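**Q** Chain residues, written in single-letter form:
4 protein chains.
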Amino acid sequence: MSRLASDRHRSEPVGVAVVGAGYWGPNLVRNLLAYEGCELRWVCDLSIERALRAAGRYTTIRATDSLETVLADPRVEAVAVATPPATHTAVVLECLGAGKHVLVEKPLACSVADGERLVAMAARSGLVLMLDHTYCYTPAVRRLRELVMSGTLGKIQYVDSVRINLGLVQPDTDVFWDLAPHDLSILDFVLDGSCWPTAVAAHGADPISAGRPCIGYLTLPLTGGAIAHIHVNWLSPTKIRTTVVGGSRRTVVWDDLCPSQRLSVYDRGVELAEPDADAATRQALTVSYRVGDMVAPALPETEALQHVVMEFVASIREGRLPLTDGAAGVRVLRILEAAAHSLRERGAAIPLDLTPVGTGNGVARLVAV
Amino acid sequence: MSRLASDRHRSEPVGVAVVGAGYWGPNLVRNLLAYEGCELRWVCDLSIERALRAAGRYTTIRATDSLETVLADPRVEAVAVATPPATHTAVVLECLGAGKHVLVEKPLACSVADGERLVAMAARSGLVLMLDHTYCYTPAVRRLRELVMSGTLGKIQYVDSVRINLGLVQPDTDVFWDLAPHDLSILDFVLDGSCWPTAVAAHGADPISAGRPCIGYLTLPLTGGAIAHIHVNWLSPTKIRTTVVGGSRRTVVWDDLCPSQRLSVYDRGVELAEPDADAATRQALTVSYRVGDMVAPALPETEALQHVVMEFVASIREGRLPLTDGAAGVRVLRILEAAAHSLRERGAAIPLDLTPVGTGNGVARLVAV
Amino acid sequence: MSRLASDRHRSEPVGVAVVGAGYWGPNLVRNLLAYEGCELRWVCDLSIERALRAAGRYTTIRATDSLETVLADPRVEAVAVATPPATHTAVVLECLGAGKHVLVEKPLACSVADGERLVAMAARSGLVLMLDHTYCYTPAVRRLRELVMSGTLGKIQYVDSVRINLGLVQPDTDVFWDLAPHDLSILDFVLDGSCWPTAVAAHGADPISAGRPCIGYLTLPLTGGAIAHIHVNWLSPTKIRTTVVGGSRRTVVWDDLCPSQRLSVYDRGVELAEPDADAATRQALTVSYRVGDMVAPALPETEALQHVVMEFVASIREGRLPLTDGAAGVRVLRILEAAAHSLRERGAAIPLDLTPVGTGNGVARLVAV
Amino acid sequence: MSRLASDRHRSEPVGVAVVGAGYWGPNLVRNLLAYEGCELRWVCDLSIERALRAAGRYTTIRATDSLETVLADPRVEAVAVATPPATHTAVVLECLGAGKHVLVEKPLACSVADGERLVAMAARSGLVLMLDHTYCYTPAVRRLRELVMSGTLGKIQYVDSVRINLGLVQPDTDVFWDLAPHDLSILDFVLDGSCWPTAVAAHGADPISAGRPCIGYLTLPLTGGAIAHIHVNWLSPTKIRTTVVGGSRRTVVWDDLCPSQRLSVYDRGVELAEPDADAATRQALTVSYRVGDMVAPALPETEALQHVVMEFVASIREGRLPLTDGAAGVRVLRILEAAAHSLRERGAAIPLDLTPVGTGNGVARLVAV
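Protein chains in written order, with my numbering: chain W, 374 to 742; chain L, 374 to 742; chain P, 374 to 742; chain E, 374 to 742.
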């Protein structure tokens, strides 16, 4: 039997629990509290103190260190999982097994095989399995996706993403698994089947002898002759978060750290391939800063995680795949696994087989199989 | 016999000619005119009209279409060569053969073999062979070099360079040979033997079917575990020219298109490799933009080419290698050739043998051998 | 009898109520909830729905529309007042009369006379009366104050503040009373008695026929020959929030909308008064962007209102004047009143008598008189 | 007899001389040399060395210290005057008296009376008298003018101009006369009769005891309820050059020191005057950075002075008033004189009588009267 919420009363809030109250869990708690479409019932963590702290002093929400207790609550329909990545597979399986919809932090799992198990399990049970690909729910990335989907940018020529973070070396992962899921999920979301990576080559460096790459470059040839490139970097006292999406008609620069102008859409794509570009033209381009008008669209300053929560609840209520579904999480894992393979082979290009199905798109129905 | 200028009167200007009055030649003319240390005597181009135009209407300088005439003028001691790259080897050889010092545009030649012939010829004749690696003479790059040389940055961890140009596809070259010489010459100049590339992997894309790469990525492992990366791109309506040099003590961001703040020196390098980075630390870093103070040094707004001209004249007068000598030009060619090789092998890393001798440094004496 | 908290147990949280749950109240609620030094007991608003909404769905805090009930709660020691400005005098008087410490939104009152009554009443009762001059508790303004206090900037020469807001015309006030309190409280806080305004001239414009000034300029001669200037503006689709503080040794630019670089400290003050500044010097300055190094200090990304709450609680516990005390609020009112006078007299300079006592400074003891 | 060029051969270059080879003269020389529409014949300066230096080493142009000699040359039709302001009246009168067209640096003269004499003399003689209001010929200001003229901005509501210069105190003038002519000429050019100042109030400060204002503020009520404001400042180690023009439909921010985005046109003017702006609206505006899209038009990187020279030559050839004619220079003088008056009266508003005739507009014919 499908556990879809379609037949229950729509206006009733969806009962939710948060599992994992470490680094990201408190953000989930705050956003679930703020959304009237759900009712947060539990905060669960192996450390009860952490769970209590995340719930807050004035709250009516219960804290627990027992996942079993949470899953036994029949009014909990959905669980947001923010435990460490290594535990995702076990925790998500348990939640799905108890008939709960799941929102899970990135990366979905530690391997493609595990990720596919989770997706299959959710599909079998007709349950929502949603990835918290938070960036996909920022106003900037949503607009970026619209610009691509609507053909405003023209044919995509390149995507170049730089994510240089403040110098915090993670103890249990490398820079690719820590940071690249952000960029890969954005790439997956923004391109959404219009073109997709056919291979990946990875180059890493560990200049501080951390025992794993702290700087990483991913090169991803895209179908149609385009190319995507991702630079992730732990070693910096300053942040840089810029993505350039070049198209045949327009180019977008997304600077996530410039709140007054996150997106800049430049008007003219490349049309120049002049066999006789004369000196005057070159000279003019040399002194110019750009060749077409630029539009910086107004974007609302809304918290992305609020939209994640809303999409999670909406997909449960409407019995459909969420925009960032388990399949999107698996595609990210495929690239991460292939990148690890490439790294072991000194940067050789590893072919990828990504079915160009796009993301959940918010339309495909959940069907228990 | 050495043709060094050491025995002639120091205060007398050096007689110079410009050969090639196309795209770059007029800039050389303007800067040679402005420098009192030289006397511009000829502007030479296959098109006499172009030569006349470059010389200007009010000038006492002679225009010609005969290189022979120029080289026959005994008061011409030095020639600035700004002809197309394919002609460099022949023209420079002719100039050196006539006993003239040479300043030549990048790239030095079209192959390592040709480049080495030119360097050998200059060495044999005791003549200056200088590369017009213009960016190395900007106040920003000079300061960058000082920051590296003085140890201010600490141990170099990575260099990341982005050069996205206005959409002008060159007819006779690919994006690597057109743009990467800038970044490679800067890398060569700034690192100057403190570390150097041991291999290169190249990835390119041609999404507009131009018949050659229009987007390119070079990954260069450096000695000591560091890494350099260069992104060159013809396909954009807006320019981006940013280089980040990360060190163990400080990180520098060079944004060449921000004249009021070209260099930003961030105070704290990476020191964090915490096995137990707790949630609070991660959270704090997540909301922060950076972790240390930043200093943006005041830089004079001087024209780099003026300093090129001054260094050319000074190296002639002092009988020494210029800061950007023929050997630097050959090192750039070695990387370009290996990159082309890597491209043909789908991005495989091609080992490099770059003698870590640094640049001319302005001290080594010219000796005719 | 003094109602100072000095004799009660220090580690016990201070019982607090929020009165006024409109625009700003919810921010106070959120920050009081987050601070362990206080216990939020009530949210009070004439509209009980608004009070309930501000308290939130999961809360143990009580909502009420009765101020009397709140003041009757003996465990409420302090009240944060965020009602409309026109009600401040009455509400604050009632709170003080009930022996409660008060934190009040800017402006303190609608006239100097009313403001002085409140200050006198608080002083008589030995109660804390603190102004929520929020900007004074941002990391940027605190640093700015330190830079002035420590002499790093040298002698202050000018302060220039621009506050251009998104186009929202307030119904019940003009642009001076709505926006200038921010700038005036910052000025008061940063200069803190090192120099102070001796007069004010006000110019306003109402190009949209709103019936009151929508654009305003305040010019304030400062002691010692310096000058402060404030530009407030409601009529814009984009925000600008920049303050320049020029000193004899350094100049600071504070751009509040640039989170990665809010403060820029330029190294060299003015020292040039050259009778014979020759053409070359002028030319050099003309092409330069600046003449000294710039330092952009790292600032924590903390919420100012959290620090307001902490200072409020600390001043209650320590029985001392808060950093932004009632007297600071009165000084702001004095300037606003004089500015209104100047406006009526077509911009004539109105003398000010501001006792140069600085702000509360967090040291002066509260004494019931 | 009219000395209009209309009857001479159009394709012949206009013979020109530069008088004054100090700070600005060499820029005029360079731009006159580069323009084929004129023939530079003389460089004249009281110091023959300065004249020779400005002419350059390779030139065929003659240098002299005799204005008489220059004016006696029948092939000199026009003179560009770049002598110190105090000498403008005498030099320009002499040139006009000799039947030469004149381009003169700002300010036109040291008083309105002198300025009017020059305008009258030029009018009587049918000669071009053009002001070198250089900024009016920048691509940014030309576009700004178009945006106003075409109604794109809607009704002008305010103009706010900030010109903070590197710390160079001029010996023979105050900050108003030194810097404000730039802003006043831009204001005159951009508004061009659509609205105009009706009064001026000036406030100055001299915190370094230079003996004259080093910081200045001008407030100019404009017809129609709008307002213009100018801040000029000598005392800074960094430059700021920003002008905001607010209109009922759009607002433009011009940042002259940001070459990649000098003009930003914000989409939505002010339309909000909501009597019941509720808390939610205020909250939304508080967290937003702006409310409409922004367009940054592509602007060519051309040198303004080249366009000054072209307009000078074109107005001579076409026998018409130049875009920035003598009358524009007089209007600037009127405001400067009134500002000086206001300063003496402690900032009182001094009424202005500026005939709203707009600038020369490049259409009115020169007629000798």
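Read the hints as simulated data drawn from the structure, not as lab findings. Values in this document were obtained by computation on a predicted structure and should not be read as measured data. Accuracy of the hints is not assured; some may be wrong.
Because identical chains share one entry, a pair is satisfied inside a single copy or across any pair of copies.
Cut-off 20 Å, straight-line C-alpha distance, at most; resulting in silico cross-link-like pairs (EDC-like, lysine to aspartate or glutamate) [stated by the list, open to error]:
id, residue 1, residue 2
1, LYS612, GLU422
2, LYS528, GLU710
3, LYS612, GLU691
4, LYS612, ASP640
5, LYS612, ASP628
6, LYS612, ASP629
7, LYS612, ASP666
8, LYS612, ASP487
9, LYS612, GLU409
10, LYS528, GLU467
11, LYS612, ASP579
12, LYS612, ASP438
13, LYS528, GLU674
14, LYS528, ASP565
15, LYS528, ASP579
16, LYS528, ASP640
**Q** Now tell me, hint by hint, if it's right for this structure.
**A** Right, here's what the structure says about each hint:
1. In the homo-oligomer, the alpha carbons of LYS612 and GLU422 never lie at most 20 Å apart, since the shortest distance is 32 Å inside one protomer and 43 Å across protomers.
2. Neither within a single protomer nor between protomers do LYS528 and GLU710 lie at most 20 Å apart by alpha-carbon distance, with minima of 28 Å and 31 Å respectively.
3. For the homomeric pair LYS612 and GLU691, neither the shortest alpha-carbon distance inside one copy (39 Å) nor that between copies (40 Å) is at most 20 Å.
4. Proximity of LYS612 and ASP640 under a CA criterion of 20 Å is satisfied inter-copy only: 13 Å between copies versus 27 Å inside one chain copy.
5. Taking CA atoms no more than 20 Å apart as the test, LYS612 paired with ASP628 passes in both settings, with 11 Å inside one copy and 14 Å between copies.
6. Taking the shortest alpha-carbon separations for LYS612 and ASP629, both the intra-copy value of 10 Å and the inter-copy value of 18 Å come in at or below 20 Å.
7. In this homomeric assembly, LYS612 and ASP666 come within 20 Å of each other (Cα to Cα) only across copies, at 13 Å, whereas the closest approach inside a single copy is 28 Å.
8. Proximity of LYS612 and ASP487 under a CA criterion of 20 Å is satisfied in neither setting, with 33 Å inside one chain copy and 43 Å between copies.
9. Taking the closest pair of Cα atoms, LYS612 and GLU409 never come within 20 Å of each other, the shortest separation being 34 Å inside a single copy and 31 Å across copies.
10. Taking the shortest Cα distances, LYS528 and GLU467 never come within 20 Å of each other, neither inside one copy (43 Å) nor across copies (48 Å).
11. Taking the shortest Cα distances, LYS612 and ASP579 sit within 20 Å of each other inside one copy (19 Å), while across copies they are farther apart (30 Å).
12. In this homomeric assembly, LYS612 and ASP438 never come within 20 Å of each other (Cα to Cα): the closest approach is 36 Å inside a single copy and 47 Å across copies.
13. Taking the shortest alpha-carbon separations for LYS528 and GLU674, neither the intra-copy value of 29 Å nor the inter-copy value of 29 Å comes in at or below 20 Å.
14. Taking identical chains as interchangeable, the C-alpha atoms of LYS528 and ASP565 lie at most 20 Å apart only when both belong to the same chain, with a minimum of 13 Å there against 41 Å between chains.
15. Taking identical chains as interchangeable, the C-alpha atoms of LYS528 and ASP579 lie at most 20 Å apart only when they sit on different chains, with a minimum of 13 Å there against 36 Å within one chain.
16. Taking identical chains as interchangeable, the C-alpha atoms of LYS528 and ASP640 lie at most 20 Å apart only when both belong to the same chain, with a minimum of 14 Å there against 28 Å between chains.
In this structure, the hints that do not hold are numbers 1, 2, 3, 8, 9, 10, 12, 13, in rising order.
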